[in-house]
Amino acid sequence: MINELTQEKLKDLKLKAIQARQLLIETLTPAGSGHTGGPLGMADIFTAFYFHILNHDPKKPDWEDRDRLILSNGHICPIRYVSMAQSDYFPIDELKTLRKINSRLQGHPHRTALPGVETTSGPLGEGLSQGIGMALARNLDKKDHYIYVLTSDGEHQEGNIWEAAMFAGKLKLKKFIQIIDRNRIQIDGNTEDIMPLDPLKEKYLAFNWNVLEVDGNDIKAFIEAIKKAQELTDKPVFIIANTVPGKGVSFMENNYKWHGITPDGQDVEGAPPKGEQAKKAMEELKTWEEKIKSEQ
Amino acid sequence: MLNQKLKLNTKLFDKDVEVKPTRAGFGTGLVKLGETNPNIVALCADVTGSTQVDKFAEKFPDRYFETGVAEQNMAAIAAGLSASGKIPFISTYATFSPGKNWETIRTTIVYNNAGVKIAGHHTGIMTGTDGATHQATEDIAITRCWPNIEIYVPCDAIEAEKATIASVKTEKPVYLRFSRDKSPIITTSETPFEVGIMQDFWTHDQPQVTIFATGYMLYHALLAAKELEEEGFPTLVINASTVKPLDEEGIMRFTGHTKAVVTVEDHQIMGGLGSAIAEFLAKTNPLPIEFIGLQNTFAESGKPNELIEKYGMGVASIKEAVKKVIKRKST
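Going down the list, the protein sequences come from chains A and B.
Heads up: the first sequence begins at 1 in my numbering, then just goes up one per residue.
Heads up: the second sequence begins at 1001 in my numbering, then just goes up one per residue.
Note that these hints are calculated values from the structure, not bench results.
Even for Gly, the Cβ is constructed at its ideal location relative to N, Cα and C.
Do not rely on the hints blindly, as some may be mistaken.
Said to hold, decoys possible - In silico contact screen, one side only, chain A against chain B (beta carbon under 7 Å); selected entries: (1) Gln130; (2) Met134; (3) Leu212.
Said to hold, decoys possible - Label-pair restraints from in silico Cβ distances: (4) A:Pro273 - B:Glu1171: 51 to 57 Å; (5) A:Lys59 - B:Gln1295: 30 to 36 Å; (6) B:Ala1316 - A:Ile194: 55 to 61 Å; (7) B:Glu1066 - A:Asn3: 54 to 60 Å.
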């Protein structure tokens, strides 16, 4: 049961999401490689999950009755790591170890390295199926938790996704909610240029899913969409979350070139020169944070 | 002579020896597991009859999941089931799983340390008339290179049932290799079976060569050994029913006297049992080795025995390899 979203709580969530973005810049810059656009774009959804939607216990990551949050597009794991650190799964300070030797924070998440990440991911298209497996096990065990699977739009070019979509639709899996990060970019360009996915809604309707669409950078609207999805109990639910990749940093927003690189790693057209990108990004995010704080 | 201590099938060399496909043992083993362990679940990709999963599916319909022709989905669903405490068996032809879905298994099962049991069927050229598309002849090579997995290749239907049941004793992923056509029953219910242990099915006091065989090819190795002994070339024939973990102590013991090896498998000679033994001996005790298997080629449609002869894996070829390795030993 998702708690009521008060004005005070909403403001708190918005601040947490902006702080998450700052932690992302501070984590990704020294890591020196990884993905920036996707994690920034998904900061609001991860904040909503970890601080309002999920039934979970950071001190008991293996608790059997927890809701499962599967990250299929493992390359955006930095935002998951940040949300987990903010939720006290592990110390914030450990974020510095991302992609470094002997770290639990692997470049792509690894189940046995870090409790709470639910599964190993990175190679695309495999998370939806794993979520199905967890839902089947839950049903056999007569348990009641939700399975949420986060996927990306570029990932929908993988055949495995459609195998899984067919399967979940056939079985009319309940309490099974997929959220796609519809940010319309992938490494080589815009998704609709590389390999078009639209009409995506119609595709999922044809695969026997319920479909909702929401602004994935609007925390309040996203939580309402999840509540609505929980009421649709006849079939699995597909939520198209339209997000702005790079959200919060003006020179990264909607630019696919920021999909697979980190701040200060290279010069990018339209961005401050290498060496000033992280600083500028932090300035913009601090300004945004102050603005939210001053709002009534 | 056949090792009496192992209580092998005394009718092994009779013309009317009982024959059964190893996959039959998988089918019965899976049902037995289902009866005793409620966490056993099975998945199949549209080939329940030929992989013998149908018996489990009929008896435990709630614990059986049909994925349709979708091997990646099958593997990753199984990984999710395993992450939630189930012990899944996934079954289809080995060219598709672990072939087609290799990376899915690598990431979601093996690296993820999900205890899924992967049953690969229709392995080797023994698959016969379906042709090379359906003859899995690289499956040991592509699974053996993974850390954290065990590989069992039973020699007959009885051992196949034992191997299937033994596969849940470890929490690790396991690859189980089965074949399609009927092959002679070599063992009995009383024959010992233990994962990671090689056993000398054919023994001699003064053997000249050690033959390591895996799967149903063990029968052909035993036939060759019988004829060789009559011709004055005594050998040991070892049942290598576990390819990984490799029984290194057993290999040392069984080659200590012979100092010459022939490996026999229905698989490409690259990356299979022969390679595993050669890698081990090269670093511990280099010996001359001859490799019986598919020699860097695809096979074709045909009856299993015709193919085995044409592709140099039959009794005559094994005998020839033994004589050749004896000569190499003395020069």
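Comparing the hints with the structure gives:
Nearest Cβ of chain B to the Cβ of glutamine 130 (chain A): about 4 Å, under the 7 Å cut. The hint holds. Checking methionine 134 (chain A) against chain B by beta carbon gives a least distance of about 4 Å; that is within 7 Å, so the hint holds. With a cut of 7 Å, the hint placing leucine 212 (chain A) at the interface with chain B is violated, because the nearest CB-to-CB distance is about 23 Å. A hinted range of 51 to 57 Å for the beta carbons of proline 273 (chain A) and glutamate 1171 (chain B) is consistent with their spacing of about 52 Å.
Distance hint for lysine 59 (chain A) and glutamine 1295 (chain B): a CB-CB separation of about 59 Å, inconsistent with the stated range 30 to 36 Å. Hint check: alanine 1316 (chain B) to isoleucine 194 (chain A), Cβ distance near 56 Å, so the stated range 55 to 61 Å holds. Range check, glutamate 1066 (chain B) to asparagine 3 (chain A): about 40 Å between beta-carbon atoms, so the 54 to 60 Å window is missed.
In terms of the numbered hints stated before, the structure departs from hints 3, 5, 7, listed from lowest to highest.
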